[in-house]
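Let's have the full structure, built from the sequences with the hints guiding it.
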Amino acid sequence: MNAGLEEAKNAKLKRIEHPTATGIRKSRKDDLVSLVRELRMKNEELRALAAEPLDEIYEGLPLPIKKKLGIS
1 MNAGLEEAKN AKLKRIEHPT ATGIRKSRKD DLVSLVRELR MKNEELRALA AEPLDEIYEG
61 LPLPIKKKLG IS
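Under the UniProt record's numbering, think of the first position of the sequence shown as 1, with each following residue one higher.
Keep in mind the hints are simulated off the structure, nothing from the lab.
A hint or two may mislead.
[What the hints assert, rightly or not] Pair by pair, the computed Cβ-Cβ distance ranges are:
1) Leu69 x Glu44: 18 to 28 angstroms
2) Arg28 x Ala48: 26 to 36 angstroms
3) Ala3 x Val33: 42 to 52 angstroms
Positions of the beta carbon are idealized from the N, C-alpha and C atoms, including for glycine.
The following block contains the structure:
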């Protein structure tokens, strides 16, 4: 009886220590911090790229439209 319980306990502990591929992916805090830092830098780059065409469009607008929009 005790041997059966011990085997069941060991099987349960083994599953906890070695989760399957469908289990939760664990990451260290340092890895997450570096990932967040990289994503923020990429976000800033993409925002800058999106703003460049708008600046060109604003420069090409006629003066009356610029005045109505409040762009100097």
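Hint-by-hint comparison with the structure:
Between Leu69 and Glu44, the C-beta spacing of about 26 angstroms keeps the proposed range 18 to 28 angstroms intact. Checking the proposed 26 to 36 angstroms range against Arg28 and Ala48 shows it holds: the Cβ atoms sit about 31 angstroms from each other. At roughly 46 angstroms, the beta carbons of Ala3 and Val33 sit within the given window of 42 to 52 angstroms.
Comparing the model with each earlier hint shows no violations; every hint is respected.
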